[in-house]
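J.: With the sequences and hints as input, model every part of the structure.
Chain order of the listed sequences is A and B. The numbers in the numbering used here rise by one with no breaks, and the one at position 133 of the first sequence is 133. The numbers in the numbering used here rise by one with no breaks, and the one at position 62 of the second sequence is 62.
A portion of the hints provided could be inaccurate.
Claimed, not checked - Cut-off 25 angstroms, straight-line C-alpha distance, at most; resulting in silico cross-link-like pairs (DSS-like, lysine-lysine): (1) A:K243 - A:K54; (2) B:K219 - A:K243; (3) B:K270 - A:K16.
Stated by the list, open to error - Derived contacts from chain B toward chain A, CB cut-off under 7 angstroms, selection only: (4) V166; (5) E171; (6) S175.
To be verified - Computed footprint of chain B on chain A, listed as stretches where at least three residues anywhere in the stretch have a Cβ under 8 angstroms from a Cβ of chain B: (7) 132-142; (8) 214-226.
Calculated from the structure, these hints are not laboratory results. Glycine included, every Cβ here is placed at the ideal spot set by N, Cα and C.
These are the residues of each chain, in order.
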Amino acid sequence: MKILVPVKRVIDYNVKPRVKSDGSGVDLANVKMSMNPFDEISVEEAIRLKEAGKAEEIVAVSVGPQKAQETLRTALAMGADRAILVQTDEEVEPLGVAKILAKIVEEEAPKLVITGKQAIDDDSNQTGQMLAALLGWGQGTFANTVSVDGDSVEVKREIDGGLQTVKLSLPAVVTTDLRLNEPRYASLPNIMKAKKKPLDEKTPADYGVDIAPRLTTTNVSEPPVRQAGEKVEDVDALVAKLKAVGAI
Amino acid sequence: MKTLVLVEHDNTEMKDATLAVVTAASQLGEVHALVAGTGCASVGEQAAKVAGVSTVHVADDAALANQLAENVAPLVASLMESHDAFLAPATTTGKNIAPRVAALLDVMQISDILSVESEDTFTRPIYAGNAIATVKSSDAKKVITVRGTAFDKAATEGGSASIEGVTGAGESGLSSFVSEEIAKSERPELTSAKIIVSGGRALGSSEKFEEVITPLADKLGAGIGASRAAVDAGYVPNDYQVGQTGKIVAPEVYIAIGISGAIQHLAGMKDSKTIVAINKDEDAPIFQIADIGLVADLFNAVPELTSKV
Numbered sequence: 001m002k003i004l005v006p007v008k009r010v011i012d013y014n015v016k017p018r019v020k021s022d023g024s025g026v027d028l029a030n031v032k033m034s035m036n037p038f039d040e041i042s043v044e045e046a047i048r049l050k051e052a053g054k055a056e057e058i059v060a061v062s063v064g065p066q067k068a069q070e071t072l073r074t075a076l077a078m079g080a081d082r083a084i085l086v087q088t089d090e091e092v093e094p095l096g097v098a099k100i101l102a103k104i105v106e107e108e109a110p111k112l113v114i115t116g117k118q119a120i121d122d123d124s125n126q127t128g129q130m131l132a133a134l135l136g137w138g139q140g141t142f143a144n145t146v147s148v149d150g151d152s153v154e155v156k157r158e159i160d161g162g163l164q165t166v167k168l169s170l171p172a173v174v175t176t177d178l179r180l181n182e183p184r185y186a187s188l189p190n191i192m193k194a195k196k197k198p199l200d201e202k203t204p205a206d207y208g209v210d211i212a213p214r215l216t217t218t219n220v221s222e223p224p225v226r227q228a229g230e231k232v233e234d235v236d237a238l239v240a241k242l243k244a245v246g247a248i
Numbered sequence: 001m002k003t004l005v006l007v008e009h010d011n012t013e014m015k016d017a018t019l020a021v022v023t024a025a026s027q028l029g030e031v032h033a034l035v036a037g038t039g040c041a042s043v044g045e046q047a048a049k050v051a052g053v054s055t056v057h058v059a060d061d062a063a064l065a066n067q068l069a070e071n072v073a074p075l076v077a078s079l080m081e082s083h084d085a086f087l088a089p090a091t092t093t094g095k096n097i098a099p100r101v102a103a104l105l106d107v108m109q110i111s112d113i114l115s116v117e118s119e120d121t122f123t124r125p126i127y128a129g130n131a132i133a134t135v136k137s138s139d140a141k142k143v144i145t146v147r148g149t150a151f152d153k154a155a156t157e158g159g160s161a162s163i164e165g166v167t168g169a170g171e172s173g174l175s176s177f178v179s180e181e182i183a184k185s186e187r188p189e190l191t192s193a194k195i196i197v198s199g200g201r202a203l204g205s206s207e208k209f210e211e212v213i214t215p216l217a218d219k220l221g222a223g224i225g226a227s228r229a230a231v232d233a234g235y236v237p238n239d240y241q242v243g244q245t246g247k248i249v250a251p252e253v254y255i256a257i258g259i260s261g262a263i264q265h266l267a268g269m270k271d272s273k274t275i276v277a278i279n280k281d282e283d284a285p286i287f288q289i290a291d292i293g294l295v296a297d298l299f300n301a302v303p304e305l306t307s308k309v
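T.: In structure tokens, the structure reads:
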């Protein structure tokens, strides 16, 4: 079985984003960028399936700027076998990404696509579900546990009230949640080896899909700033304050 | 504009999350609601009473029992032939179904809206709520998920919508329901609780979490939340998680105990009316947004607080 793992290069999760003063977006100049944390979990899950003998090949793919190569190299260093960069400097919306991925799936014929449930930059939480719809595949979103068995996969999903388990016939799309696994760090020898693994470069035009944006961002602003209140000395003062604001 | 709202329910009861979506939809135009389930006639009746809803479509089909996205999305897509906008709550149900509908309709979804600016323009949080984007959609049909804390809840009484039966596409054959582990609790649900007591990594174990957090929550009649760190460490189940990718809450009072305040956590609770923080690290980022802060060892302070409220 082949697994396709779409990954996205995003702002590092430890960086506090700053809104540009002209309202055109978030300032990403000289900001540390990393693999979307949910996608790291996806890469890890694919590697574990391979290690368990359930998968033979892992193909990482990213739609993004030239520098998304670094993100793909990280996936390769973790243990993916090869990578595809669909290079574009335009911002591609989840629908466009899903259309490109659908074309790659046609070419690569993976049995499973594992991707993050959400990218921490646009917070859309759409690509996996859209890809599943375009392919006519089942979807196991917000995965907490993934068990592949023959021609089906059971996905335990993190839902608002607790956990839900669904069974999908393969091929299928799985999107990952935080508790699925703890991604490994790439070791130095593996980082060196990853440099020699194949990385194909493509462009959206190679796939002939329309990725023109449907949404126009007209403004990006800071959220209302919350001011720090005051610190109280002890529990009695805290109780008095809570009573004063009518909280208790 | 004719809108279609996805009713969140468990085949018996309509969930509160639906009500904020009705408010958002009513700012766009006429509100129709869809109840997709099985044996869900009573949910249809509840939805028909919600103020502002004019028609309720009820799809009663065994294939919709667990609202699997593969079975619900084609039904919604077919109903969208006669509607202009589909709105779902930004719950795990809505987030599972809506993008599938959007792709079937070749529409780019607008996720997690905070406001309706006009019939094609909305605001939504990006970067864990550290920025608010105003986005304009050029799609003829709109597919939207709605952040529950950003809109008032529509009244559950006062409406008298007509109820119409609709037929779904049946089983997709792509997926099936296996089982569910839903925590049963007398506590208020996080997303509708007036007070939330939330615990972090500093609690150290699930026993301590239970011992320190639960009595205070009991005393206050509060919901219980947690930071990602506490959930990852296994102190509490995943449905307790408050944050960017967990639950978004905005109670009257949010009491953060032993939570340092990573931006991902703040993203889920910073719209709370009053934020209280108890943490022994006086430099913890949580204090930068807390209305009332207490620098103290939580293992002493919280039991004392519990005894005094």
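J.: For a C-alpha distance cap of 25 angstroms, please report whether B:K270 and A:K16 respect it.
T.: 15 angstroms, holds
J.: Holds or violated: A:K243 with A:K54, Cα cutoff 25 angstroms?
T.: 59 angstroms, violated
J.: Mind checking the CB of B:S175 against every CB in chain A and telling me if the closest is under 7 angstroms?
T.: 4 angstroms, holds
J.: Hint validation: B:E171 versus chain A, beta carbon distance must be below 7 angstroms. Holds or violated?
T.: Violated - the Cβ of B:E171 stays beyond 7 angstroms from chain A, reaching only about 12 angstroms at its closest.
J.: Establish whether the coverage given for the region 214-226 of chain A by chain B is satisfied; the threshold is a Cβ-Cβ distance below 8 angstroms, and no fewer than three residues must meet it.
T.: This one holds; 11 residues, not fewer than the three required, reach chain B with a Cβ under 8 angstroms.
J.: Examine the region 132-142 of chain A: at least three residues should have C-beta closer than 8 angstroms to a C-beta of chain B.
T.: holds (count 10)
J.: Measuring from the C-beta of B:V166 to each C-beta in chain A, is the shortest one below 7 angstroms?
T.: 20 angstroms, violated
J.: Next pair to validate is B:K219 with A:K243; report whether the Cα-Cα distance is within 25 angstroms.
T.: 15 angstroms, holds
The structure shown violates the earlier hints numbered 1, 4 and 5.
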